[in-house]
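Single-letter residue listing:
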Amino acid sequence: MNCREFVDFLMGYLEDELPDEQTLIFREHMRECPRCETYLDTYRETVRLGKSFCSDPDGPVPADVPEALVEAILVARRAGDH
Amino acid sequence: MTHPQDEDLLLRMRSGEEAAFEELVRTHGGRLLAVARRYLPSEDDARDAVQDAFLSAFKALPAFEGQAKLSTWLHRIAVNAALMKLRTRRRKPEQSIDDLLPGFLEDGHLEKPASEWMPVPLDLVERKEIAEIVRSNIARLPDNHRHVLLLRDIEEFDTEETAEMLEITPNAVKTRLHRARLALRELLEPHLRRSPE
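Each protein sequence line maps, in turn, to chains A and B.
Take the first sequence: its letters are residues 1 to 82, numbered as in our numbering.
Take the second sequence: its letters are residues 1 to 197, numbered as in our numbering.
No lab work stands behind these hints, which were simulated from the structure alone.
For every residue, glycine included, the Cβ atom is placed at its ideal position computed from N, Cα and C.
Take these hints with a grain of salt, some might be off.
Here are some, though not all, of the chain A residues that point toward chain B, as calculated from beta-carbon distances under 10 Å [what the hints assert, rightly or not]:
no.	residue
1	D16
2	P19
3	T46
4	A76
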């Protein structure tokens with residue numbers, strides 16, 4: 001396996017979707033290639049950063065619930081009698 | 001079974017209490033607007049999508065059995081409303097993600113070897129800066145890849161749900177997700193790599 005193939009198989013490896021034999025080859029490459037090990041760490045960190053900084057359905061409510069939007073929704077509800 | 005914190009509000013809405021609907025909108029509106037803005041660059045479109053989402057939710061309220069938390073249920077409705085709004089907009093020509101992907105030498109080595117990244121700082125101001133870097137670089141991804149990354153990694157829908165929402169195959173979801181993550185990694189690297197000692 002070379003670095004290009006390592007990068008191609010990265011997501012499959014992290015999601016545990018590679019066949020056993022391919023997993024072994026993937027790990028062997030990682031042992032021999034510290035740069036690819038770093039690549040894997042930073043790929044994983046990319047996913048983690050996206051999750052922690054962009055998502056959180058129960059996180060703090062953004063301050064800007066525009067009053068006009070609240071009003072428009074309530075008026076539309078009354079008009080449609082939902 | 002309904003989640004206890006939602007039970008009172010649901011009961012009041014089902015009995016038609018106006019103030020309960022207002023409470024729902026004020027409690028969840030800001031969060032849903034933040035979700036809609038991730039998909040819709042126009043503020044007007046994002047607000048329209050949130051309005052559509054609440055009206056759909058009010059309509060579906062009698063059938064809501066409380067299997068999920070109210071916030072989770074509304075979140076899903078808002079994502080669907082935002083995607084629906086996107087479909088009504090004229091599609092821009094598909095951008096290619098290739099320019100953002102890592103390059104390889106002929107022997108298969110990476111053109112630019114990966115560097116170690118600094119740990120995410122604990123300081124709130126610095127964290128805010130990193131958050132802004134992450135968000136602005138997600139926004140740079142081509143739409144067809146960004147939407148998959150948002151649905152899978154940020155909104156945490158599974159591959160099948162994402163495929164259904166975007167009307168593409170599960171395999172296309174997987175390929176686009178991997179390419180979106182690779183591109184985002186490339187975009188973040190210059191900001192996050194450790195400076196040489």
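Hints, one by one, checked against the model:
1. D16: Violated, because the Cβ-Cβ distance from D16(A) to chain B comes to roughly 13 Å (cut-off 10 Å).
2. P19: violated (16 Å)
3. T46: Holds, because the Cβ-Cβ distance from T46(A) to chain B comes to roughly 4 Å (cut-off 10 Å).
4. A76: holds (6 Å)
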